[in-house]
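Using the hints, build the complex out of the two chains.
Here's the letter readout for the chains.
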Amino acid sequence: MSGPLPAWSEPFAADHRATLDRTAPFAAVDRGWAFGAGDGAGVVVAVVDSGVEGGHPAVGGALRESVRVELDGDDAVIIADDPTDAVGHGTACAGIVHALAPAATLLSVRVLGTDNRGKGLAFATGLDWAINNGASVINLSLSSRSESMYATFHDLADRAYFANALLVCAANNVAVASYPSLFAAVVSVAAHDVRDPDIWFYNPHPPVEFGAYGLDVDVAWKDGGRIVATGNSFAAPHIAGLAARIRAAHPGASPFEIKTILAATASPPA
Amino acid sequence: MTGAGAADPLIPTLRAVALRVEAARRLSPPAGSAVLHSIVEATVALFDAEAASIALHDVAADRLVFTVAAGDQGQGVVGLTIGPAEGVAGYVFSSGQPLALSDVERDARFGRTTAERTGYVPRSLVAVPLLDDEGILGVLEVLDKRGAGASFDLRDIELASVFARQAAVAIRSSRVERDTATLLGTVLDAVNRAPPDDLDVEPIVAAAVAALDGDGAEPLWALADQVARIRAIEPAQLDLVRDLLAVLVTRAERGGASSRARPRPR
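Going down the list, the sequences are from chains A and B. Start counting the first sequence at 1; every next residue gets the next number (the numbering used here). Start counting the second sequence at 1; every next residue gets the next number (the numbering used here).
Next comes chain B alone, as it looks inside the complex (with noise of 0.2 Å):
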């Protein structure tokens, strides 16, 4: 194998790395874990709750995995992970549909298996599942308002649900970013298992670059410059972000990635 045979196919995955990191760094996607947080923070914050958390559902494992949580009592879930029709928040994520539940310490067994894991039984909880267009990514949950005899009602139902709905617009971000570094990944990975002499990175990296047209006035980066201002207007607007940036994805895809450099998950 020669140095330029081996080089050669990776220049179109390189190039649709470029693309897409480009592509995230002009929209700048919140950073996942901590936009996350920060939802859960307000969460706890608005409802006066002891806990919020979100588990997101791991596609390969097929388990919905505690990612993020805020309040007193919210810590011991991080981690946990459950079945994705396990318990209230399995029902949520696998049935779509949001409820809340109170007086669960009047029965006993609910949730002692996910309680001995986390050290917390709520008295009273309301889960929501993180929605968009989609699909589902996972659920929230917000655990026990304070204050005596306070449960959770429909307007908590919707008020969790337009909080969902910004955490699944930021997961969707932040899974672009995540794509595009399991693609990297990818081109790294093959490029370690050549020989080193056999192969110079720089020329590859070059190569795929200079393909971009990092000018501005090109239509793709205006846009995406036009969108990234539109998405610090308000909320709604996300929606129309995450649409262009998934035209954008789909854009680098179609002119990258050969069948022989397909991003593999890990």
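Bound conformation, chain A alone (with noise of 0.2 Å):
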């Protein structure tokens, strides 16, 4: 079947990458220094999803705690969650960067399942606790349209960068703002179009600066089961799992000196 890929992963696909070279300026930093052997330890990611099975084989019991947000009528609140996920899609995520980074410690926000009108607020209420609870990778496979959130999520960005903690956010598969997937503090991740983990694309044209596995994954799914997926949506975590490598390896790095090391190690595109 031909046409064009979804937009925001033509950059990644084999007769555009060309587009994707550049002059590297870090020609020193290879991925041997860049992941050592950094595992993820001491690293906590946070999972902001549809929550993650925490008996999963896949998720290797890194799960550490579970929450999910709650609507109380126009305020959302934080409350203890079971390490459960109705969907499989969170278990999904926290499987690939359980893989990545074995030793890193998992949080599950759930912020899908509630009432559906209030999922901008549940989406930035999670993300806020994730931001003030410790985690220092924030992996969002999901976004917000809602213009009307524009503004909280471009502070949640804003905030999580101050605060050292690296979001990593797939962008949506088609070219539509969604947020906090196009700020600029954030990591945004595409699908590219191989079958490889250990391929991942820098783009020097943002929005979506990368470009990683999404293809065919064989992800975890619900009641421990396993299921081979396709979407942006996996292809973050795969990022996600290597910024916890590389924290774990340089706990002083920043978030946007993470975004260089990812960048400096990435594939050539050719």
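Just so you know, the hints here were simulated from the structure itself, not pulled from any lab data. A few of these clues could be false.
To be verified - Which bits of chain A does chain B cover? Going by a derived footprint, with three or more residues having C-beta under 8 Å, they are: (1) 82-90; (2) 93-100; (3) 227-239.
What the hints assert, rightly or not - If you only want the chain B side, here are some residues facing chain A, beta carbon under 8 Å, derived: (4) S33; (5) D103; (6) I157.
To be verified - Residues of chain A clear of chain B, computed beta-carbon distances all greater than 12 Å: (7) T19; (8) W129; (9) N133; (10) A170; (11) D196; (12) G214; (13) A249; (14) E257.
Positions of the beta carbon are idealized from the N, C-alpha and C atoms, including for glycine.
Dropping the structure here:
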């Protein structure tokens, strides 16, 4: 079947990758230095999604805490949650992160599955909680399209950046405004078309700066199952896992420096 | 209560109804269900898929309702309702993120509940949100490309998203029509509640319609006619139609319903 790739994936397609070429100023930074023996130890990664199945073999017992957002009138509140996942998507993301950074600790923030009418608020509240509860890498395979939430998410993206938390966001597959994935302070990720988790591309033409493995990914799913999945939302946790490893190897690195290291160690576009 | 006393508050509402009906007529928005049917049928044909379906979000009930389907294996899903974050369709709706899954049959637990209700478990599927600039209206699902080993890839997600975009435009347009019907129904309810001897509907309608300037040279209608012509050209310009329609509706509301005759959900 022919046709364009998802809008944000297009730069990462085989016949477009020449546009990713650039003069790399970081020749001395290679993957050996970037990751060292980093396995994510000491790093807390939050998965803001549909929940995480704590007992799933792919999560490997790494899930430390689960919370969910509930709406109370116009307010959203955080409450403790069972380590379960009604869909499987959050578990898929957690499993990808765990496979790459097995020593990282995971937090699950369930923001989907409550009242749809308040989902933008629930999402923002869950993200705020993750920033304030020790997560230094936060995987967001979802985004909000609500213009009314623009300022809220912009503020949260800035606060995460200043709090030394790296937001890794899946770009929406269609080229529409979505937040916070299109903010400059975050790492925005789309899927490339190579079935290899060790390949990631850097795109010097924002807003979507990274292409990662998101095509036919064998992922964990609900009830201890597995499934083969495709989408930007499975590309983001690959970058989140790599970021956790960089954080473990270089605990003093800031979000800006981690993004730079990810760019410096990206696969050659050819 | 006198007849005149009961009738007066209805006139602005009737005027709003007439304005919307005229706007809808001039723009000739696609009839919602028929267009959605054609979209899922085209989706099945293009993907050579076993089935395609559209689930729409019922805001009042906060449920996703499978409204139309096409394909040999598609019909069982029509009428099914699920929670707004339940299953793959719910995830796509609530997260806004499209996704494709394959090897679904490998996990016997996958979709069992839904399968029992529809009679069909897919091997693979792609689900994309029906979205426009105002939000997410529902989900388009495509099940099982025919052919050995066929699964959905990134290009399929993009292609399905194009169909979903068309569906979203059609739904927005049909909702304007439905809004009109609701408004009309509200007014007629009010009329019905008044004693027949006490209220003569005809003068009210006549007054409302007379208040509309039906002259095609009037700028509002000239604009509507222009937009209707633009709409026939290409899909991208459907966006413009929708935006202008929103302006028309807003204008109708400002000039129309009083607080006493506000349309009610039904």
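Now for the hints, and whether the structure bears them out:
1. 82-90: holds (count 3)
2. 93-100: violated (count 0)
3. 227-239: holds (count 8)
4. S33: 23 Å, violated
5. D103: 4 Å, holds
6. I157: 5 Å, holds
7. T19: Label holds. Min Cβ-Cβ 17 Å, cutoff 12 Å.
8. W129: 18 Å, holds
9. N133: 22 Å, holds
10. A170: The claim is violated: A:A170 sits with its nearest Cβ about 6 Å from chain B, within 12 Å.
11. D196: 15 Å, holds
12. G214: 8 Å, violated
13. A249: 30 Å, holds
14. E257: 28 Å, holds
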